[in-house]
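Protein sequences appear in the order of chains X and S. 191 is the number that the working numbering gives to position 191 of the first sequence; each next residue is one higher, with no gaps. 174 is the number that the working numbering gives to position 174 of the second sequence; each next residue is one higher, with no gaps.
Hints are computed from structural coordinates only; laboratory data are not their basis. Just so it is clear, CB atoms sit at the ideal spot from N, CA and C, and this is done for glycine as well. You can take every hint at face value.
Derived lysine to any residue pairs resembling SDA-like cross-links, with alpha carbons at most 25 Å apart: (1) K63(X) / G214(S); (2) K63(X) / G136(S); (3) K63(X) / A101(X); (4) K63(X) / R134(S); (5) K63(X) / R227(S); (6) K63(X) / N224(S).
Selected chain S positions facing chain X (in silico; Cβ < 8 Å): (7) L213; (8) A219; (9) N224.
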Amino acid sequence: MTRLALQDFGVVLRGRSILQDVSLSVGPGELVGIIGPNGAGKTTLMRSALGLIPSSGSSSLAKLDAPARGRAAAWMPQAREIAWPVTVETLVALGRTPHLAGGARMTDADHRAVDAAIAQMDLTEMRARTATRLSGGEQARALIARALAQETPLLMADEPIAGLDPAHQIATMQIFAGLAAGGQSVIVSLHDLGLAARHCTRLIVIGAGSLRADGPPEEVLTPALIRDVFGITAHVQRTDQGLIFQPLAVLP
Amino acid sequence: MRLFAILSALVALLFITALVVGPAGITPGTALRALIWGDAGPLSLVMREIRLPRAILAVLIGASLGMAGAAMQGYLRNPLADPGLIGVSGSAALGAVLAIQTGLAASFAFGLPIAALAGALFGVGLVLALAGPRGGSLTLILAGIAISALAGALTSLVLNLSPNPFAANEIVFWMMGSLSDRSMTHVWIALPLIAAGSLLLIRLPRALDALTLGEDAAAAMGINLTRLRLMVIFGTAAVVGAGVAVAGAIGFVGLVVPHLLRRYVGARPGQLLWASALGGAAMLLTADLAVRLILPARDLKLGVVTALVGAPLFLHLIYRTRREGL
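One chain only, chain X, in its complex shape (with noise of 0.2 Å):
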């Protein structure tokens, strides 16, 4: 069962081509890092595969009406948004809104799946506090935490990690690769290859608006496509810790 199928998919946004023939499905249990320089497309790629801007071709989920594209779906912005100072306890319980049907009050299993959210993403002992006064790195997992609760099949989060601590990142990664383990998606855009590498189980590699390779990491990361896509030369290597990727050098 697929959990995103993309056909011929495009976007055109004030005249100009923003994106191209993109075709891709997002099965269960991926966890699949889109990766691409700045201005690749990455973030419209996921917007409008959401439905949230105008596109082409056909898109599974911009087919869905909105209520059931929010229990299809969670999606994370980049742009870490709280507008008011609520607790974290309120953001997470945020997560609820798609599963709530008109004006119906949380349920046990809405405060289980809250629970569980906060515990995974390591805030019990922040819940009470307000969201706002967090750090950056904080925030984000609140955030995360936000997405999780919804209890999407899939997950979509634009560079979730930017801004965590080495440990954050990592731990962050490992949460979304449990939850693919378990037979979640989760379509996350990153540029931290070395995570990439190390964590999805696919890469999609967004060029200029087209898709360049799509594929497990170490098909994927050849030294002809890092050069090409993004200008630079990188150590790769296979170990039994994993894919190991270190940028080296930035090419004339």
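Chain X is already provided as a structure; the job is to place chain S on it using the hints.
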């Protein structure tokens, strides 16, 4: 829920106080008996035709302004937003001023409120045409400011060109906002629109809560942003337009009350809607009591009092915000 009980009790207490306080020097018991059972005499008439509509209007308009302020602040995610921001108050005032100036208000009892409502409707139409039914909140703020400024300028122009000093005087006083000499007719003019607008606003809590995470995240959680925007704009326009039509421009309630109560509802914008409605009713009842008690002979205007109380309170809140980051 404790906040709900406290605010409801406060509104009930102030409402009864508003009914029994007056220049006639009647004991509260006699006054309330005359209101409820009626004695067919002048006292019953005073209670039913003068004090009751005044108190009801204070509750209706205060609640509308408070709730519209909370909705605006929640929708724009800005604690400085105010129902006046989308230009409704300004354009309703312009409509009323034109009614006074052209003599429509004097020749026909409903002339002024109807002109004010027409002004509000026209203003909202212009704002929507400018900002569009979709799009970010910034375009809405800018369109609202532009329409407010235009309505303000046209109002000044009418005053400027007014050959009749009495009309000018009336306009100036009307713009200050007041609840004196209002009758049940005014209640019946305002009530349907306030009820309709409130019905739109009271359905917003979940969407406003979700907007805490930003427009993108809210949209991905199933919130229809286009629909939300129309509900906020039409709800606010209906309640504020109706209020301005019968009581003139009353500032600061929609700005201060949500800000004052935000901390007591855990900053949740949805909860703030009903809390601000009750708080707004309490504030306007208090302000109207102050108007009647402080200088009863000089007809102190309600909008002057809310601004006089509201502005320093707001300064204090800003100071506290700076200190606590709330």
